[in-house]
Structure formats: C-alpha cells, structure tokens
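Asks: Since each chain comes alone in its own frame, lean on the hints to assemble the complex.
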Amino acid sequence: MSATDTSLNAGTDSRVPAVEPSGAARPAPTPGAVNGGRPGVPWSRLIHVELRKMVDTRAGRWMLIVMSAISLIVVGAFLIWGPADEATFGTLLGLTSFPLVMLLPILGIMAATSEWSQRTGLVTFTLEPRRGRVVAAKVIAALLLGLVVTASAFATSALANVLGSSLSDASGAWDVSWKVALGVTVGFAVFVLQGLAFGFVFLNTPFAIVASLVLPTVWTIAINLISALREPSKWLDLNQVTEPLFSGSMTGENWGQLATSFGVWVLLPLAIGSWRVMRREVK
Amino acid sequence: MITVENLTKRYGGFTAVDDISFEVRPGSVVGFLGPNGAGKSTAMRMMTGLTPATSGRSTVLGKPYRDLHNPGRQVGVMLDASAQHPGRTGREVLRLAAIQIGVPKSRVDEALAIVGLTEEEAGRRVRNYSLGMRQRLGLASALLGEPEVLILDEPANGLDPQGIHWMRGLLRGFADGGGTVLLSSHLLHEVQVIADDLVMIGRGQIVAMGTKDELLSRGGTTVRSTNDEALYAALSRAEVSVTSVPSGLVVDAEPGVVGQIALDERIVLLELRSGGSEGLEEMFLSLTASTSREGTAA
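First to last, the protein sequences are chains A and B.
Following our numbering, the numbering of the first sequence begins with 2 at its first residue and continues without gaps.
Following our numbering, the numbering of the second sequence begins with 67 at its first residue and continues without gaps.
Mixed in with the good hints there might be a few duds.
Said to hold, decoys possible - In silico DMTMM-like pairs for lysine to aspartate or glutamate, Cα to Cα no more than 20 Å straight-line:
id, chain 1, residue 1, chain 2, residue 2
1, B, 278, B, 337
2, B, 171, A, 57
3, B, 129, B, 186
4, A, 284, B, 146
5, A, 180, A, 254
6, B, 171, B, 185
Bear in mind the hints are in silico, worked out from the structure with no lab data behind them.
Note that the structure is predicted; figures quoted are calculated from it, not measured.
The following block holds chain B by itself, in its conformation from the complex (with noise of 0.2 Å):
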C-alpha cells in the first residue's frame, strides 16, 4: 500500500512535483507515467525519504518511509540501476544488502535465480553490465528482502521485448500474490504491457489517472475527415467531447454516433475507428503538450 497527498517539490521557482495524490493498492501494479522531466523521479524519491518533500506526504503500510523499521525487508526499492559501484560484482552487491536487511546468504542466491543473472554473470563487475543487466540486478537487489511493495523508477528501461515480457510475469506474480507495485516509465508502450492502473504525470501535475481498460476506452474514437474543422464544430454542437490531434480528432463517443454526425454533416471521412491504445498515446501526447503549454503561460 502505497499513499500519495498532495506531494509537491519546488526547487527555488521551480515546481518539479506539483501537489499529486494517489493510492497504490495491494494487488495492483500501477504505471507512473510521463515524460522526461515530468517529476516522476522526484516524486519516487520523496516516497522512499531520499529527497524531503516541500509540502504533502506520503506513507508506504502506512508509515512515512523514513519511520520504517528496516524497510529493505517491506519495500524493494530500484531508483536508479546505473548508480551501482562498478568496483564491485553483481553479486557482491547483492551481498552487502543482504547483510544490511538481515537475510541469509542463500536469499542472495534465490534473488540471482528470480531475475535471471548466472553465476558466471553474477562474479562479473557491474562496470562490465549491460543496462538490461544492471536492471537485473537493481530488480534482484528489491526482491532480496521478500517485501511487500516495490518501488520501481524506469525499470524496463534498457530490457528488450522479451525482458519487458518477463518483467511483466514477474511484476504479476508478485502483485498477484497480494504484494503493491509502483513503476514509472516515459514510455507508454512498456508501462500499457506490464502495469494494471496508469497515473500519468506532466510538468509535476497528475493529467490522467485509472485503470488501464478505463483509460484506454477513454481514448473514444480517432475520426479524421476531408473537413476536420467543420466535424469538430458539429459535433461540439451535438454536445460530444472531441479533442484535436496531430492525426485528426478524438471523440469521446462510439464510432456509430461519430459516423452518424458526419453522415448528417455530409462530411466525407478518411478514417474512423474506436481509440485503441494509439488513443491512449494520443491523449497522453496531447495532455502532457497541454500542461507544457500551462506551464510556458504561468
């Protein structure tokens, strides 16, 4: 159980995390999402005490992090795979965390197992990881203590399709199993693969939140037409909610009602079809443009 309040981060003027609430419950792996530079990162490190919060709070079980009796055996952290000393092997890593939570040197072994390292791999220096390795053994160095949540920042990242394929069975297993999952990602794809529930995040600011099905329909349907201006205002007058989009419009309305407003309009379609996960994509390229254009105004 992860909980969020009106978490914000200013740095001088600068406001990198902007007054976010959510709840990440146990059972369901919940995909933050957003650009570069969005806040997600910041935001994961106030979750796990590392950068203190200019105002709001967050609690994981309940507890602000920093009040977590050894959290290494409650929460599985991985904010950053690269920041491991390249001095040391994979394994050694490992090692040296384990001593820290308090488990047994076979809990290093099984973790190695889980993610997928060899041991040949494992007696290597982490100089020598690819980053789909380091990501390895950042995920392995989270699941050493057997916790109950994971706090994941970018782990996809650097994994091929297969790797994302795996995480996600992992990430499952463990989410079904009653444990809690927050991942980020810049990248809508990987997260629409492995995570349940979507908080997407521009500029600092939540735009989007829910389940991934919800937020998908939500896409509503991608129209495109010889007139595109004269089907936008008829359907605003026919009281549907349509956004413009690069590619033509998204209507918050079944494919039939579009259709059918056209066909009243005598407007000659290109293309109509129901959102999909391109409107997804779309909705979050078009929110995250129209924070960024908030944030230039202000």
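One chain only, chain A, in its complex shape (with noise of 0.2 Å):
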C-alpha cells in the first residue's frame, strides 16, 4: 500500500528545517523553554483566570449589579419606611443578606457551566487537561467573589445602620455577635459552593438554576405534606439548618444537621458533577 512509504512516515531527519526559528515577528518556537517544573498550570493563575472570567461578561457584571442593588434598595426602603427601634446592625444585615443568599448560587452555577454552554471549555480544557485542577480553581475563586460579595454586605449594612442613626433616629445598635458574623459568612460560602455543585452536575445554565431553586422547594413542600419526612428534614434541608447559622443560635446538634445537608446537597452534586467534568467529550 503506497500510503505507509510516503514521507510522513519516513524516518524523522530526512527533513530537518533548513532556516533557523526567526525573530519576534514572526511565530517562532520556543523548544524546551517550558518543559521543567510540576505539572499543571501553577494555582495562582488558575484562580486569578477563573476569578476574572466570572466578572468579565456582561452577565457576571450584571448579576453582581443587580445583587448590590437589590440590596441597596432593600436596606433603604427599610430605613426610610421600616420601624426606626428595629433598624440596627443585625437587621439591616439580614435584609442584605436576604437576596444574596437567592443570588450567590446563581453566580456559582454561571461559574460552572459556562465552559459548556458558551464552549469555551475547548479553550480552557486545553490550555489546562487537567481538568480537576480547573474545577478546584472555579471552587476556590467562586468562595473568593463570594467573600468579596460578604465583605460587603457587612460593609454595605454597617454604612446604613451609622447613615440610619445619624440622619434619623433608628437605633443604630451594633447588634451583630461574632457568632452571627461567621455565620453569615459560612451560610454565603455554603451557598456559592451549592450553585458551583448543580452547576457541574447539569452543566448547562438554565437546568442547573431551575434545579437550585425548585428541588429545595420541592422538598421543602414534601416535608409539610408528608409528616413521616419531619423528622430526617431537620438534617437535610439546606435552608432550615442555615437558620441558626445566619442568627448565630448554633447548637452542636445544628452543627451536625449543617453537615448533614452540606453534604447532600453541596458534596454529593460536586463529587457528581466534578466526575462529569473530568469524563466528558469537550465539543
């Protein structure tokens, strides 16, 4: 067959390049420049790229936008309107944090599936083909925004509540213990890290916010209809064992439901969706 004598699979000097690599105009090779060292794309880039590609679409941009509005407009309607001995640091915190909380997962889940949606995975899946280091940066720069966005909650409401008792007279009262503070920031963390989960598992958009938002409910609307399922939903409901969490009322038996349900709903979907992401054809 004459197509295994042909020069392709000659031997491989019979063609050695006669012209040197040339100079910065034109492509030329760089051998061996980049061949040392560990494997992988060094984690400081990973994340930075990752952290960047969540705010530079218009739709990132935009939800955090709409994020901190939604939050603006809350707060000041409260202090204009809401009962001035209830405005203190803690309430104006808690309606901060209110529509982040609905929001957060989104951001995550936008962070996770625009690589299929958008197919830029075929870029990124082969500038990095260790693609469990890209899921572990998209994790560890979705918690990064989600602190940002947190700081600023906690920024956002301390401004109000010093606004709210010097221009008018709402209480002003620092009513935030160390235990809420941390709450809040683990219950935004839990959040994020949830949207990232779905999103991996279905790896497209609108599945994976439809299936945030209804599956919660769904089960939420099971337990008031189905009395059998009372008892285990303590464990198992994200939003009813993040209450004492965002209050700072947390007990060692909270805790333990805290766990329970982050472990259903946050690492079952991310062990899911991470296998997913690792096994599927990039197209």
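Replies: In structure tokens:
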C-alpha cells in the first residue's frame, strides 16, 4: 500500500528545517522553554483566570450589579419606611443577606456552566487538560468572590446603620455577635458552593438554575405534606439548617445537621459534577 | 512533532475514527483533508485530550497531550473559532488565555498584530465578529504562547482567498522556523494552497497520504474518449493502473503511454492531460466515495 511508504512515515531526519527560528515578528517556536517544574498550570494563575471569567462578561457583571442594587434598595427602603427602633446592624445585615442567598448560587452556577454553554471549555481544557485542577480553581475562585460579596454586605449594612442612626431616629445598635458574623460568612459560602455543585452536575445554565431553585422548594413542600419526613428534614433541608447559622444560635446538633445537609446538597452533587467534568467529551 | 498511532473512536456501533496513524514532523505543514463528518475534528479532539480515545494513542512533542506541562506554551490549538464567549471582547479572550499560560500582557498586542486584528476590532465583542475575524482571533489565541506545534481545525473556513494566502504565509513562516503544523479542511483547494503534506481521511479511515507533490503526480493522467469502456479494458490489459471517474478515466501513467495505447486500439480521444490538481480532486472524491460505499456495505 503506497500510503505507508510516503514521507509522512519516513525517518525523522529526512527533512530537517533549513531555516533557523526567525525573529519576534514571526511566531517562532521556543523549544524546551517550559518543560520543567511541577505539572499543571500554577494555582495562582488558574484561580486568577477563573475569578476574572466570573466578572468579565455582561452576565457576570450584571449579576453583581443586580445583587448590590437589590440589597441597597431593600436597606434604603427599610431605613426610610421601616420601624426605627428595629433598624439595627443585625436587621440591616439580615435584609442585605436575603437577596444574596437567592443570587449567590446563580453566580456559582454560571461559573460552572459557562465553559459548556458558551463552549469556552474547548480553550480552557486545552490550556489545562488536568480538568480536576480547573474544577478546584473554580471552587476557590467562587469562594473568594463570595467572600468579597460577604464583605461588601457587611460594609453596606454598617454604613447604612451609621447613616440611619445619624440622619434619623433609627436605633443604630451594633447587635451582631461574632457568631452571627461567622454564620453569615459560612452561610454565603455554602450557597455559592451549592450553585457550583449544581452547575457541574447539569453543565447547563437554565437546568441548573431551575433545579437549584425548584428542588429545595419541592423538598420543603414534601416535608409539609408527608409528616414522616419532618424529622429527617431537620437534617436534610439546607434552608432550615442555615437559619440558626444566620441568627448565630448554632448548637452542636445544629452543626451536625448543617454538615449532613451540606453533604447531601453540596458535596454529593459536587462529587458527581466533578466526575462529569472530568469524563465528559468537550465539543 | 505530532504522532498518531492506531487512533480509534467508537460511539456505540458507529466508528467515527478508525485506526488512523500518521506523523507530523517539525518544519512541515500537514493538511488533514476529508469531507464533512469524516472524523477530522474527532481525531483532533483526541489528539488534544478533549475526547478520550477508544483505543490507540497520540502524542505531541513526545508526550500524551494530557501530560504536557502548561500545554499553551508548547501547542497552539484552535478547534472551533466560534467557541468563544460572545460577551467578551477579542482582547479579553486573549487576556484570559495570557493569564492562564503565563505570558505578559504585551504578548496579547503582538498576537493581535500577527493576525492583523486592529485595536478597534480587538475592543469589539466577539458576538459582533465575522467568521473570518473569529478565525483570526482563534489563531491569535493559538499563537499566544509561542508554541512549537499548531493544531488547527478548519482555520481557513470563512477566510477570503486573500486571507487564505495570508494564512499560508503565516504558517509557512512558522514551519520554516522549525514549527509543526497540522490543519484540517474539507476543501482540497484550500489545503492545497497551505499544506506540504496531505493526510486524506474518509469515513474515519485514512485513504491516502503523502507529500502534496507526490499525491498530485499520483493524480496521473486524465483521459476521455469516445469509448471509455474499451480504453479501460485496453489499459488494464497493458497492466496500467486505471480508475473510472465521472469525467472519464484517471490513469497511473504518462499521457504519452496512454495516447499510444489508445492509438493501437484505434480509440478516438476527446481529452488527454496530466492529472494536476483536478486529478487530485477527482482522486479525493473517488477515494472518499469508495470508502463510503464500503461503509454502507459493511
């Protein structure tokens, strides 16, 4: 068969390039420049790039703008029309947190799914074929962004509290214990991770968003209808178990309940999702 | 250097890529040619670790792609120019890649200059890019890390003839500098302009490969007569390899030999010429057609 004796299969030295690598104007190869060191793209660069991807698109940016805007409106409205003696740091923080708990999972979902829905995975996974590292970088980047959002929620509430007490007769009490502060931070992190996990499982933005909104609601309805579920639901309802977290009244049992719910609603889908990302064909 | 050994991909009962083997050596531009659905993209996704192979293996620079350290600095890959986030600007797409592979910001401007995207175009969102501009952006992204190897799927798709010649110059320069280029196309004339060597694939199988010149001369002689059947028989008796194609016969011999045989048999010739590119085109069509017949029979 003539196909086997062509130059393509011939020895490697029969057509050595006659020309030396050219100057910078031409795309010149840089042989052997990057072969050493530990395998994989360094974490700092992977996390940097994933963070940037979450905020450099219109969808990502608008998500953050909408989150901030809703929080500001809610807090502003409460300061103007709400009962003045209840306008404390704790109340304002609770009000800021409410829209964030709804929207933070969506931020996580978009971070997880965009590689597939916009097909940017073709580039991402050729630049880092160790997909597990990309998944881990996305988790860390989403947590970092979640922390920034948490910090701004605290800052906004504090600012509103100062403004409220100085400009009106709002209470202005600083009634947030370290337990509440920790609880809010942990709670936000849990919801960001839940979004990511759902995103990785479905690898499709609308499916993941609908599932992350509908499934917990279905679960809550099921609990109300079926009394046998009421006891286990205390251990398996993420919304229910995070309530004491936000109010800073976590008991030992509460932490156990949080851990079980976290396992079922976050770690399990995260494990399934990571497995899917690692195995799936990128097209 | 790219090596592909017995690479195979099956989806259930369908074999998308069937036991292909070839090599792309430094300093050459190899065209991976085949009709739509021949398995070119699947093969290229397997070479770059995006699709797991059913069997066989492929290496780039001596290693399986997934074992390459920071592959963006060694291999430039463009598998689908449309696979970009439409909400990002061209410059932002390159910025992200630059951060990930660890090249300075200035390299983004260099890459944009190499592919001829202007400052204004780089600032536009990819949503508003023409296919040709997306191809240039994809190529800029592939060249960003100053790689030794380029793997490009349909890079000339959407480029005007001028753009194709520009790309030829770019890839020629890259290969002359010791680089390795594998590019795919479903259009023979496109790949003929750019590539040195050709690997033809049809229905997942390699149907022909070799240097372009070799394959062109292997196009042989195209002949048309008043009685192609008699001529076919006569040529076969003379132990000359002959293939029937829609526009006549393609003969693996010099035009003089064919003319002499026709004269001896007193067959009137309507056309007699050496194959050239049309011969290659006909061979491409007939080879892929024969494999598709085999495919349906199997």
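Asks: Taking the hints in turn, state whether each one holds.
Replies: Do the hints match the structure? See the list:
| no. | hint | in the structure |
| --- | --- | --- |
| 1 | B:278 - B:337 | 24 Å, violated |
| 2 | B:171 - A:57 | 16 Å, holds |
| 3 | B:129 - B:186 | 39 Å, violated |
| 4 | A:284 - B:146 | 9 Å, holds |
| 5 | A:180 - A:254 | 16 Å, holds |
| 6 | B:171 - B:185 | 14 Å, holds |
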